[in-house]
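Engineer: Spelled out, the chains give:
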Amino acid sequence: MKAQTEVLNRRCVEAAVMTGLALNCHINKKSLFDRKHYFYSDLPAGYQITQQRLPIAANGSLTYGVFMGNKQSRMATKTVRIRQIQLEQDSGKSLHDDLRSQTLIDLNRAGVGLLEVVLEPDLCCGEEAAAVIKELQLILQALGTSQANMAEGQLRVDANISVHHPGEPLGVRTEVKNLNSIRFLAKAIDHEIQRQINELESGGEILNETRSFDCKLGCTVPMRDKEGKQDYRFMPEPNLPPLVLYDSASLPAGTESQQVINIDQIRDALPELPSATRERLVRRYGMLPEHSFTLLNEVGLLQFFQNVMKETRAEPKKVTSWVLNTLLGYLKHHNLAVSESPVTSSALAELLDLLDSKAISSAAAKQVFEELWKGEAKSAAQVVSEKQLELMQDREALEQLCQSTMEGHPQVVTDMKSGNPRAINKLIGLVRKATLNRADPAEIKDILERLSS
Amino acid sequence: MSARALWLAFRSGLGGRQAFSTKGSGRITVEVIEHLERLALVDFGSREAVARLEKAIAFADRLREVDTDGVEPMESVLEDRCLYLRSDNVAEGNCAEELLQNSRQVVEEYFVAPPGNISLPKLGEQESFQHS
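Chains B and C, in that order, give the protein sequences. Numbering-wise, the first sequence is residues 59 to 511 according to the working numbering. Numbering-wise, the second sequence is residues 1253 to 1384 according to the working numbering.
Any given hint could be a false lead.
Unchecked claim - Quick list of the computed label-pair ranges, beta carbon to beta carbon:
1) B:ASN166 <-> C:GLU1331: 32 to 40 Å
2) C:ARG1314 <-> B:ALA327: 47 to 55 Å
3) C:ARG1314 <-> B:GLY276: 53 to 61 Å
4) B:LEU275 <-> C:GLN1357: 28 to 36 Å
5) C:ARG1333 <-> B:ASN166: 27 to 35 Å
6) B:PHE292 <-> C:VAL1342: 29 to 37 Å
7) B:ALA307 <-> C:PRO1325: 23 to 31 Å
8) C:GLN1357 <-> B:HIS392: 46 to 54 Å
9) C:ALA1343 <-> B:GLU398: 36 to 44 Å
These are computed hints drawn from the structure, not numbers from a lab. For every residue, glycine included, the Cβ atom is placed at its ideal position computed from N, Cα and C.
Bound conformation, chain C alone (with noise of 0.2 Å):
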């Protein structure tokens, strides 16, 4: 949560992305902050943002402080309850063109994207990454 928020504080705040050097810690290297850029569209833009998350994931690693041994793992927080089971009824639909009406661009009943992913730029390139 706490990456999210800065990502949308930071994104005006800087023109670019700059290379940085680790902080805090050091364990947090480069490659890890650019791969994890790329799997959740985050932008890690400063040192401070960095160091928050360093310290995020310390605070989680306190979870191993734990004594575990012998403790059924929790698979969800949700364990007590009932998954409800909705029954194959067709309740509601037929709103293709409301929903078409979201899209800038349509062909048809499709919705128009780029031809596949675009990548994202390499760090250390001057550009800044276009926001639509």
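Same shape as in the complex, but just chain B (with noise of 0.2 Å):
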């Protein structure tokens, strides 16, 4: 077996600059790497090698959208800013088994490239923290870079906590770690905060620890292991030169592309980012930035809100609100995901065109998607004629059940003429049960303020 050096992928560069871009940061056309020494059983070389000096992206910017009020109905931007973003090594995962006194050591990832973004400390909670990281899967995805999946370990959040009255300097700060879901990151951080909150108004103080959130306990525990402040004897990386990269003003001629990274280039190719696409749909379709949210935040859910598109005669709007409400609710509901939805989009397609022809009304729509929801493979024009939801073409038949309805209930009527809302919305429900439902209840009322006029 040969003794090798580091070498550096360069997919690895082209992710941390795609990374820094869609992040606004300053990318530095020369970074460099640094060795950062400690001991551990996960760490076969006994130092890690980052970019603690100068690192590849600086000074960016995030914004995330973070639902207000009691309802979640509306929504605030606000943004954080990036510190960094830096290329380093990965070390190895350890398993701690404390039943035989021994730690399990995997070294697969030992050595694989990481990037790390290192955020302002901007944010004051926990549902700041989540719809941040929330946002930040969301452009990774759409980059490609990384599927960003924590429970998986493709995206690892380390949070740092400290409480201060308000004008006074940051307090000291405990950094909290094992965080696997974004739940679990929400709740922790507010739990560490509530810790150090208690702790001081009781007069103790807090330690610059490290601690570890028990997802069974529900709050942070110290971690064992971590000695108090550690010297990492950072020094310049032996063997790798600085990372040089280039814009298309400065590139060098005749070098081979290969080793030539273009930030011009990375730039130009960079993929809609979400926020864009959420800026695109709300102008598009005319939905609220809720909405964009809402559907870029549910996997799958996108996709299937375009398909309807695709297919369907009926309104943005009108798509939007069976999309966002029946369907997600019935998925919710259900606790399934888009993908396993029994109703496809085609099929919703064809019943907002239904709806939209008016050959049903909105009651039976309603009726059909839970039809459908069964996924007995029947089409939705198919359930409509099976339960006879079609609404009454012929207007005069229509009129005349009206005209029947009001004689037969002429007090409903008198009160309806003194101007008793009440009274309306009465025979409205008399004439669709006479018509087994199926009439537009707009179109009752119509007949009936015409009729009684």
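With the hints as a guide, bring the two chains together.
Structural biologist: Here it is as structure tokens:
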């Protein structure tokens, strides 16, 4: 087995530049590599190569949305500053076996390239952190630089938390690790904030320590094995020269393209980012920003929505409402992903066409949806005809029904004429019953008002 | 480099760790020596070793005699070289079995390590530090 020095993977650099650009960072045309020394069983070399002096990107920002208010109905946009993005090596993975007093080490990922994104302490609570991470996940997925699945360790998040009185400098911070999901991240942060407040208010002090989130206990606990302040003895990495990036203006002539990274080229090839996608949806379909967030946050929902839009004549606002309220409501209730929906986008498109052409009422449409949800491979049209949900097309017959209903309930008619709003609703209800729910309430109201004038 | 050579030379010579007073110019305190030993896992087992360290530092300090006003610091002796970028292809691997044979003890496909870092004995303890 031959000894090797570290070699930098080109794709890692491209991914770092893409991510830096997507996060509005300044890309450092020259960045440097350093060694960070410490001893731990999952770090076979005794040091980690990182970029401590001069990272590949710095001074960026991430704009994200938080739902406001009790009903989570309004959206506010906030921004968190990005301090820097650096390339570094991953360590191996430790599995602690307390029972046998040993640690099992998996070295498969040791040495693999990592991107670390460092944020400024601009966030105030678990909810904001959760929103930031969610947005970061969407960005990384759009870029293709990571699937950012926290449960699978594709995205790891450590939170640094401190409290202070307004106007005073930042307090002593603790670092919280072992956060495996966005939900736990928010919980852990909020718990730690409260713990620190409680500690300080009862006269205690906060130690600059590393804590771990215990999801069973729902709280943070001190992590063993972190021996206070470490001296990492940073030194320049002797085996790696500075990383030099170019743009179209500075591109050296006659160099092998495989060895050269052009920032401008990468920028031009960036895919559409989530914020641009949301803006496009709001502009094109007139939906609220909140809706665009929901469409992107749910895996597969945007694609579903776009498929329905392609196949239906119905108005975007109708489609938005049905997808976000009806479909998503059913999915959440049954705890299903969009990909598992028994109602396909084609089926929904067909249903919305029937609604749009006034072949059925919206109440009937809801019934059809419920039937389609059973997944019995029937089309919307089939369900409508089986359950006889078609709207009466015969206007004259409807008028006659209204007439006869009014004659049958003279007292209600009198109430209606004297301006009692509940009276007309009662009449509408009666007519609807008489039509076996096959008439549009709005149309009935129209006729009744005309007949009684 | 000299510190490491001394570590190998003195490891067998001395049975344990001795307390020692500061030597030479007295600039390097006992606390600093202990700190360095923990960080780098070297063993400054004797006064001579500490003196050698002090001489090494004095030698390096002579760099300060150079006037570097207005001179760009050098970041790397490799600064004129191109950092080679490797293409993202898997060229080797699939040698887990071979690599696991490096370890005395394995569990399934994991290397076995102690539960955490084992602390060095404190300065002044009589028992010698066990090398594996």
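Engineer: Find the hints from earlier in the document that the structure breaks and name them by number, from lowest to highest.
Structural biologist: none
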